[in-house]
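As given, the protein sequences belong to chains A and B, one line each in that order. Just remember that this note's numbering sits 28 ahead of the position in the first sequence, which is counted from 1. Just remember that this note's numbering sits 33 ahead of the position in the second sequence, which is counted from 1.
Nothing false has been slipped in among the hints.
List time: in silico DSS-like cross-link candidates among lysine-lysine, alpha-carbon distance up to 25 Å:
1. LYS214/A - LYS62/B
2. LYS203/B - LYS276/B
3. LYS195/B - LYS283/A
Derived by calculation from the structure, the hints in this document are not laboratory data.
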Amino acid sequence: MSATQETVSAGGARTARYFIYAALVILALVYLLPLYVMLSTSLKSLDEIRGGDMLALPRDPSIAAWVRAWGEACIGVSCVGIKGYFWNSIKMVVPAVLISTLLGALNGYVLTKWRFPGHRLVFGMMLFACFIPFQAVLIPMARVLGTFGLSNSTAGLVIVHVIYGLGFTTLFFRNYYEAFPDELVKAAMIDGAGFFRIFWRILLPSSGPIIVVTIIYQFTNIWNDFLFGVSFSSGTSSPMTVALNNLVASSTGVKEYNVDMAAAVFAALPTLFVYVVAGRYFVRGLMAGAVKG
Amino acid sequence: MTTIEPVPVLEPQRERRSFADGLRNALPKIVLAPSFAVILVFVYGFILWTVYLSFTTSRILPVYKWGGFDAYFRLWSQPNWYVAMQNLAIFGVLYIGICIILGLGIAILMDQRIRAEGLLRPIFLYPMALSFVVTGTAWKWFLNPGLGLENTMHNLGWTSFKFDWLVNPKMAIYTVVIAGVWQASGFVMAMFLAGLRGIDGEIIKAAQIDGASTVSIYRRIIIPLLRPVFLSAFIVLAHMAIKSYDLVIALTGGGPGNATELPSTFMYSYTFTRNQMNVGSASAVMMLMGITAIIVPYLYSELRERKQ
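This is chain B alone, in the form it adopts within the complex (with noise of 0.2 Å):
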């Protein structure tokens, strides 16, 4: 396309042109470096502080005494690291797995040729716009005990009903999934029908003129290949799992009692507000441990990929 004259060179300039040179070469490297030196210390810095933290007796301010694994005995054996970790596996299986099959339902529904397609997608998207604590502020007066969804139903003449899940604490949690599915199964949704419009047209051809039914074709070709997506989704949905917090403290502020607390609200009551700041840091350092484990092979295996 563009004629490329080369630049003529002259010997003697040799000499200054060489320290020009260097920093023409040196330049890309000058501008990224403040953005990585940030990283390094914001983000591995900090962390290697948090972790140092988590050996040393810091209570309401950081002391820097040796305490070894002191704060890692006391956080296991908080009854409310417990109920923490319970809770986290409860609101993560449910909330991965629900968000999981509501999305790749609404997908393969929406895949069927629909008219409306423009019109609904964004209504199942646009909760994942919102704050979570106005997801919160919604969901906790929607299933308001007295005035929400339970009044709802006494007016329609179901006056058996019953729905006090946000102030039961056995069923508090389930509200939290509730609201967290609402909030971001309609993404799962969108990448779910991104991957089913990749899929190539001619095998499931392929398979409608073996005879095989819609259902089969689903459960055997389609499904199958969506396999990427399914690993996507998980990623993303276990880390914004881990990372919980505002959800929670909008919708039941970890009660009623401490029936809905997580790492993340465990993490910040004990560092900020019940003055242990050591197993405040030890509950932060194990967060870390849970998310690394989960996105460090996977970035990993990602950028292997793109190598080859």
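Excised from the complex, chain A in its bound form (with noise of 0.2 Å):
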């Protein structure tokens, strides 16, 4: 399927080409299919949508359903549309990114620069603690949640979030940290630098694509999170993902699908946001994440 190169004739490798490029346009429009069926429901009206074609272009493109979406739309019993629910996932979201990438790089400076015995024992544990099924700690956290009246609470998924994310964190500092010239280091111990003024003035400066790198990633894993907002909320404390998937598959009343597609709209555009700005990381994030080691 691959281009045939070998033909010696300028025609066959011409057509090749086409067949290529063919190929991979055809590819990312079945790609991009989804995102704008979402796109343009989200900007139809009702009626357009039940007489109409899911590919067809919004015939007079209004915003109606995403304010109603924003301000209206019922989760639940409420009818104050997904906002408030936004807002708690930002108020999760980055405390729960910052204490969690500032925890992995303390930690992966310690793992790669002042090496204990067993240090590959600990990160060894801290690696899987990345690839557990979180089913398995799921009711224990519910309890504990519960007897510190953290359930229901931000500040209960915001601990939860860090917890399970300090895994990756000190995965990604520790590999790039590894990296970092061991004799720069020992230079400036020499020179009497303590533990935090090394980590601060040498490896902290030039550490700015692994931050970005973990904060990428740390925020569209945490946006994205449904499991534990679903276990550890409920109601107007959920984060977006819950109140999504709850405005989605309520069943009472009339189905606005350009409402459930504007509020899916909401629930993308921060981390699309992200990746749009920031891809290469992103990627470079997941790929860290992926190949290990």
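From the two separate chains plus the hints, produce the assembled complex.
In structure tokens:
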């Protein structure tokens, strides 16, 4: 199926290239289709959705469904839209990302530049923690959050996301600092610089790329989380993904597909925005999370 | 580079200094300790707690009365659990297989020195940035039997076209595969593309000089060289397949009926809505064992390789 470059005739090679481009363009259109349908549906009226074609462009685009989704749509019994849940997610994501990134940076620093006997085991245990199915910790976590009065609270979700994000943030920084020259750290030690001073003055200033990668990775993961949100929060304290699911799954009243899609767009916007602005770093984070060690 | 001046050590201060030294030596461990302690308690401690719960008679709330293997017998006698395992097998095999084939295919096409790579790559990858709930919502609408794809095909003149997989218990699991592949295949493509770019061009040039055709270069040389990428992709996808929860919930809600039940949805419903917490815990332990069997050998070999 790939290019037949050994074909001597230029015509054959050109045909092959046309084939490659055609295949790629068709595939790209298929990948874009769901996003296009989501966007165009959110800009249509319900009548147009029922009577028209999913793939057709909106006849007269209106953001009425967006306004409804943001401020009026009914989630459960309250009809105040998704805006509150959107802010819940923001309030959850920002502290969780910052705390887990900072701790990950310190952990990675210790695990590479201040090694102690058993550092490999410690790292291995933290690494495995990245991959456990969270179902295996769900019940105890629910009990503990309940005991400390943190269920149904943003603070509770922040704690949960910091804890279960630590493995990944540590992994990112450890692998990055592994490649950082030990000589610079040793020289600073001999010059009398202490633990935090070396971190602050020498490692951190050159950690820009990995900080961006980690923040984006954590932001995407925590914003997109559903399992923890649905398990440890309910009603108006839920994050955005849970609210979106409740909105779409609710079977009362008229099904407003355009409002559903508008809400989905709101849920997708922050991570899509990050992806568009810093896609390179996003991919690097995914790769670092996938190709371990 | 830097001139190093030895710090003069003053003998009389040794006593106080050793305390300060001790503190200084312990400082890195003190910094790491809270994180490690948290992981020990909240990951490993909680896993043991869940394992223990699976051996109790817990129903609505955790009780610590020993129930032996009762929950495991009950788990493995639930028709629902077999549906979940069967669905995981179907979903896992197709999801991993199609993602790898499609990812590799697109990566090879992208590697033919095409012009618009910078434009195309983000298009294949953006679904990975979306939440599974958004993906599920979008595909639920896209595959809507009345107004979605079916309607579009009818409008295009293909009036006999029928696509009711979303509400057809026999086919619903395949809609989860479609949405899952859409989300993750671009990422697999990026992994393969990185692998392809890492291959030494000299080897390929040598093969070309020997008169090997492009197809056989790919089949005999390039694809075998990508073996580590296949392994990584398999591990990542297998682990995502076992954990899959949000996608099913958003796309089919586990239905119609229990047609798209997966171990993750089984665990959640038995624990939190069907009041059989011990059976739910037992299913969580099964999931953990499945993932451990895949991840631990892989991590172990990766960490060992590093050591050498």
